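Trainee: Each chain is listed here by its residues.
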Amino acid sequence: MELDQYAMLRSPIHSWDARWKLLALAPLIFVGAAIKHPLGLLCVAGVSSAMVIISKLPIRHVLKILKGPFYFIIIMTPVLMLTSGGEHLVSWGVISVYRSGLYIAARLAIKALSVMLLFICLFGTTRLQESMKAMEFFKLPPILLALFFFTYRYIFLYFEDLGKMLTAARLRGYTVLRGLKDLKSTVNIMVTLLIRSYEQSERVYAAMRLKGYTGAFPTLHRFKTQVADILKTSLLLSLSILIVYMDML
Amino acid sequence: MHIPDGVLDIKIIAGGFTAAAGLTALALKKVKHDDIPRLAVMGAFFFVSSLIHFKVGITSVHLTFIGLMGIILGIPSTLAILTGLFFQAVMFQHGGISTLGINTIIFGLPALLVYGAFLPLAKRWKGRPFCLSLAGSILAGLTILIAAGLILVIIRFSGDEFTGVAFVFSAAHGMLAFVEGAITFFILRRLLKIKPEMLYAYKSSPPESTG
Amino acid sequence: MKNNYILQAENLNFSYPDKNDVLKQVCFRISSGEHVGLVGPNGSGKTTLFLLLCGILAPKSGRITAGGKRVIPGHFNPNISYLFQSPEDQLFSPTIFDDVTFGPLNMALPREEVEKRAARALEQVGCSPLAERAPHHLSGGEKRLAAFATILSMMPDIILLDEPTSNLDSLNRRNVINIIRQMKQTLVICSHDLEFLLETCRLVILIDQGRIVREGPIVELLSDEKLMKSHNLEKPHSLTPHNRLSHNHR
Chain A
0 MELDQYAMLR SPIHSWDARW KLLALAPLIF VGAAIKHPLG LLCVAGVSSA MVIISKLPIR
60 HVLKILKGPF YFIIIMTPVL MLTSGGEHLV SWGVISVYRS GLYIAARLAI KALSVMLLFI
120 CLFGTTRLQE SMKAMEFFKL PPILLALFFF TYRYIFLYFE DLGKMLTAAR LRGYTVLRGL
180 KDLKSTVNIM VTLLIRSYEQ SERVYAAMRL KGYTGAFPTL HRFKTQVADI LKTSLLLSLS
240 ILIVYMDML
Chain B
0 MHIPDGVLDI KIIAGGFTAA AGLTALALKK VKHDDIPRLA VMGAFFFVSS LIHFKVGITS
60 VHLTFIGLMG IILGIPSTLA ILTGLFFQAV MFQHGGISTL GINTIIFGLP ALLVYGAFLP
120 LAKRWKGRPF CLSLAGSILA GLTILIAAGL ILVIIRFSGD EFTGVAFVFS AAHGMLAFVE
180 GAITFFILRR LLKIKPEMLY AYKSSPPEST G
Chain C
0 MKNNYILQAE NLNFSYPDKN DVLKQVCFRI SSGEHVGLVG PNGSGKTTLF LLLCGILAPK
60 SGRITAGGKR VIPGHFNPNI SYLFQSPEDQ LFSPTIFDDV TFGPLNMALP REEVEKRAAR
120 ALEQVGCSPL AERAPHHLSG GEKRLAAFAT ILSMMPDIIL LDEPTSNLDS LNRRNVINII
180 RQMKQTLVIC SHDLEFLLET CRLVILIDQG RIVREGPIVE LLSDEKLMKS HNLEKPHSLT
240 PHNRLSHNHR
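Protein chains in written order, with numbering that gives the first Met the number 0: chain A, 0 to 248; chain B, 0 to 210; chain C, 0 to 249.
Treat the hints with care, as some may be off.
Unchecked claim - Just a few of them, taken from the derived set where beta-carbon distance is under 8 Å, the chain C residues facing chain A:
id	residue
1	Ser92
2	Leu104
3	His135
Honestly, the hints are just simulated from the structure, not real lab data. Predicted model, so just to flag it, every value in this text is computed and none were measured. All residues carry an ideal CB built from backbone N, CA and C; glycine is no exception.
Using the sequences and the hints given, assemble the complete structure.
Mentor: Next up, the structure:
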């Protein structure tokens, strides 16, 4: 679940200054998501795979993260094959399987997986705080940054709380919601958690004010640009431009 | 539920981010720094709760709580939704990264509409929890249908070949609308009883709690 | 008139919207460097008093002075800090180090000073190895100590501690006692753990139903069985005659 758990490894991707990395990878992510030209697509797939290998991130970790888009593709492929239109592959009465559906599904798969690999390179090789600071450098409003930081912390807290409440409830015979049968118990658990979180937010705010909080989230982190950062970013930005140009032709 | 990467046209992706930036800017105008812990804590709650899957027939769906967020957080709900979507992408690879902007619009706009519709009702029906809960639940169900409609339109714009995909998404949302409305009704009823000041409409002048 | 009372409360009155007279005419004065316990049954107003003293809540009437300056509700006063009962309320950053530097950074201290204070605070509570960890990876005891470090890094003159040993195992409880006994700051410690207070405080204030009932030397007050019983408290076991220990105070 923690994308940045291997942020402490050493690799050319890890040592890449977070701001330059963001500048290089964000455009490539969008290019990869929107590209239509098959050569451009293969380019993005190649680059993203190469970067993950260079980053030395554990394969198991990477595969775990790819599960998400993978399931989506598994579900969408039959849908696309049955509905995309175009040339028939096979037909039974009203139901048709389209050749183009398979092609579209393959394209979607490559896109989704490439984008996810680039995403892993971006957020998996830098600590989340640094990534946030990099976004602040690009003018993400500090109040939004503060919101990200605190939400991140409290997500873990509520996993714990919810886990404890569900355990306590299960010990009293509760089962996870099936249809509308267990609605009442589920609602009770949610409302309790909701009210507790609201009351906690008031205490947290008080704790923050007592430490001088005025809206920004201060950190000590300082960025340092190196020549390698500029080179890596220039390379990838050029690649993005090239792929877009290829697509436009 | 969210639109994943790879489906949308570049123009729509860009448009989505532009519109989301606008919505975010609007929300930032309304937010004060003392709202941040509340938004963060509530945003985290919604994030975690929306991971609760349950079976409806042969499929399983998860709640979005978009309507409830609009009612509780008001205009700043956009920020909590954006944050929730971001972390769903980062931590669970739910939804897309390139589609963060468009997904924020799909879920953020209905939340704002719910808040806008709920506000006058909250004033008129102060102290009438049943009416308010019913209104809130209907609005919450509607947010899902509006979101489903938006998804359908947006995906269709990206190409005919995705029509089937769009319909699958929308159908799933349709089923969700009813369940979400029902759960919102019960949650609102309890909240109005125990802690009505949690609702954005009652932040400074809550009705008497009867709990 | 100059005095060396670092914390003073004069005629404090406070009510919540749904509960009147939570605090009534509360007055006390605490000298610099003192460790003072605050005891009372549940609902006596202890936590509310703390929230008033550090400026989170505003009194209905009355006045609070800390370090010679009037405490203005809502204003940032790095002089007086509050250790919340639940460490989760106080650990809100991605890592412990971020939490410990949060206060000093908001005090606009130079970078080197912030780093120095953070290192010192973490060292003081024995949490230096935990600096880069996320709060949710810590045990209950570690969280409590880490939360303590986030206060210490601000180097306040006055620290209010709310149930600092609750949910701690014996080892961590002993750690907290050892840390507190070495502290030179003025401490006001609210706790149901009377044995803990006996080891760390010289004076105690007894509060019940929003009023200060008695204040004075801790051994004397807590030994008064009749007084303790009349306020739903129990005389500490170590003070019963056959168990009486001498208490080494700072």
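Trainee: If any of the earlier hints don't hold here, list their numbers in rising order.
Mentor: none
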